[in-house]
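Chains as they are written, first to last, in my numbering: chain Y, 1 to 143; chain L, 144 to 286; chain G, 287 to 429; chain X, 430 to 572.
Calculated directly from the structure, the hints in this document are not laboratory data. We put the CB at the ideal spot given by N, CA and C, even for glycine. It cannot be assumed that every hint is accurate.
The calculated lysine-lysine pairs, modelled on DSSO-like cross-linking and capped at a C-alpha distance of 27 Å, are [said to hold, decoys possible]:
hint, chain 1, residue 1, chain 2, residue 2
1, X, Lys555, X, Lys440
2, X, Lys452, G, Lys309
3, L, Lys166, L, Lys269
4, Y, Lys2, X, Lys555
5, G, Lys309, G, Lys297
6, G, Lys288, L, Lys269
7, Y, Lys126, X, Lys452
8, Y, Lys11, Y, Lys126
9, X, Lys452, X, Lys440
10, L, Lys166, L, Lys154
11, Y, Lys23, Y, Lys11
12, L, Lys145, G, Lys412
13, G, Lys412, G, Lys288
14, Y, Lys23, L, Lys166
Computed spacing ranges between beta-carbons, pair by pair [what the hints assert, rightly or not]:
hint, chain 1, residue 1, chain 2, residue 2, range
15, Y, Glu77, G, Pro328, 49 to 57 Å
16, L, Pro221, Y, Ala140, 41 to 49 Å
17, Y, Glu122, X, Arg433, 24 to 32 Å
18, Y, Arg98, L, Lys166, 20 to 28 Å
19, G, Pro379, L, Met144, 28 to 36 Å
20, Y, Val30, L, Thr266, 31 to 39 Å
21, Y, Glu122, L, Met144, 35 to 43 Å
Protein chains: 4
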Amino acid sequence: MKIRFEGYEAKVRDSFGRQDLMKTIGAELVRVEPGELEIWAPVLDEVRQQHGFAHAAVSFALGDSAAGYAALSLMEEPDEVLTVEMKINLLAPAQGERLIAIGRVVRPGRRLMVTASEVWAETGGKRVQVAMLQGTMIPARPE
Amino acid sequence: MKIRFEGYEAKVRDSFGRQDLMKTIGAELVRVEPGELEIWAPVLDEVRQQHGFAHAAVSFALGDSAAGYAALSLMEEPDEVLTVEMKINLLAPAQGERLIAIGRVVRPGRRLMVTASEVWAETGGKRVQVAMLQGTMIPARPE
Amino acid sequence: MKIRFEGYEAKVRDSFGRQDLMKTIGAELVRVEPGELEIWAPVLDEVRQQHGFAHAAVSFALGDSAAGYAALSLMEEPDEVLTVEMKINLLAPAQGERLIAIGRVVRPGRRLMVTASEVWAETGGKRVQVAMLQGTMIPARPE
Amino acid sequence: MKIRFEGYEAKVRDSFGRQDLMKTIGAELVRVEPGELEIWAPVLDEVRQQHGFAHAAVSFALGDSAAGYAALSLMEEPDEVLTVEMKINLLAPAQGERLIAIGRVVRPGRRLMVTASEVWAETGGKRVQVAMLQGTMIPARPE
């Protein structure tokens with residue numbers, strides 16, 4: 001997809017590094033390509049729900065961030081990114097060695113970017129899809 | 144709405160107490176009624192995004208939990224609750240003294256419960272709506 | 287809510303009148319207020335699904351149009367309205383004498399309007415909610 | 430994906446044939462595979478919105494039906510299918526010679542099936558994606 005700012009990877013990594021929530025849930029940015037991005041996180045004790053799996057909000061956090069930063073990678077230099085809306089369908093319990101979110105831009109408009117994400121749980125090299133997300137991102141200019 | 148288990152409040156509070164994520168984000172269950180429920184949380188440093196506001200996943204966590212426990216309050220004694228899907232629209236930055244999520248059951252079916260939540264940010268007694276959520280919950284029997 | 291164009295009602299009625307789909311499903315615009323709007327339609331034979339109820343797409347059409355025109359009622363004179371995204375939860379079979387969709391704007395931003403709609407089925411003066419919708423509208427300027 | 434009823438194709442075609450709305454919008458079932466399905470429709474005058482494109486509800490009708498029948502193709506013999514919820518993101522105006530909806534089952538559970546659909550507009554052999562949908566289907570037994 002068309003890049004509007006050559007320094008997109010450093011910009012995405014810098015913004016991700018300033019998200020305290022990503023540190024709190026142990027998330028790591030493992031791949032940044034134009035319009036596609038991958039985030040990994042362990043299932044920390046701090047993020048469990050009542051049955052011992054990662055809370056749906058963790059799959060949401062990973063899928064939303066993967067989608068948002070995939071969108072940011074295609075935006076112009078001064079733009080930051082905001083989530084307009086996001087829908088998540090939960091497919092299986094979020095348990096295993098790590099959660100893997102892959103976000104991509106489906107439609108890279110100037111006013112709106114439509115995105116899709118998948119979240120997978122990995123155990124012993126085997127992956128099970130735990131969530132799918134579909135949402136909208138907008139560019140925001142800092143004042 | 145029709146209660147199927149008289150001990151719903153203790154059951155909801157017990158389940159909420161076992162959600163580690165709720166502790167991590169400082170969330171507190173402040174009101175439990177049949178089919179309607181309220182959760183409060185401060186905007187902790189640990190949950191911020193890159194602009195200093197609470198991450199969208201925090202509004203999601205609060206709204207989803209408020210909806211899920213509103214649904215659980217109407218379920219039968221052995222049932223636990225699972226989120227099938229949830230959609231969030233973000234309305235304003237999540238900043239202020241506290242976030243307040245109010246979840247309610249719109250359609251209390253036996254197979255599926257349809258829910259709606261609002262998330263508000265409160266500062267100096269003034270509330271601004273920051274998110275609205277609409278989603279589906281199902282009862283789950285432990286094996 | 288704040289009106290940006292005094293002639294909003296005539297503008298909404300004119301645009302609605304140019305939607306051939308609304309004629310095909312027999313829809314009628316019965317109430318236009320700033321940021322809130324009501325559409326009625328019978329359950330025509332032409333729009334049924336395999337069980338004899340109105341197809342989910344009819345509830346969608348009514349709820350989406352009610353939301354979109356509620357948004358248009360708050361936009362500036364030259365703006366038209368486009369649906370960005372819409373989510374529908376179906377609550378009960380769409381059957382009865384008429385379907386009634388009530389759309390309203392929850393957040394009337396300049397770039398984006400967040401909307402909510404309810405669709406009801408009416409029989410003998412009694413109403414049952416058949417759907418709820420939550421979505422995003424944007425203003426579009428004709429070129 | 431695992432078939433639970435060998436006669437799935439005839440069952441899907443029979444149910445589709447009883448959807449009056451599909452006739453009204455000129456939709457045709459062109460491909461039925463286990464868990465994946467394709468529907469085509471022209472852009473009839475009767476289904477246009479105020480700008481002359483197919484109404485968003487048409488993309489919804491096609492995407493929802495493609496998803497629903499993809500789900501039905503994996504259900505047991507007596508089951509029928511109901512849409513629980515569906516979310517649509519609109520990507521481009523629905524105009525051209527025909528609309529093509531491709532629905533597939535992402536998670537074929539017994540209680541719930543999670544589905545995804547794409548809707549494309551075709552002109553002169555060239556396809557542009559106009560919508561993407563993500564939703565939930567349930568089996569329903571006739572009484």
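Please flag the earlier hints that this structure goes against, numbers listed from lowest up.
1, 7, 8, 13, 19
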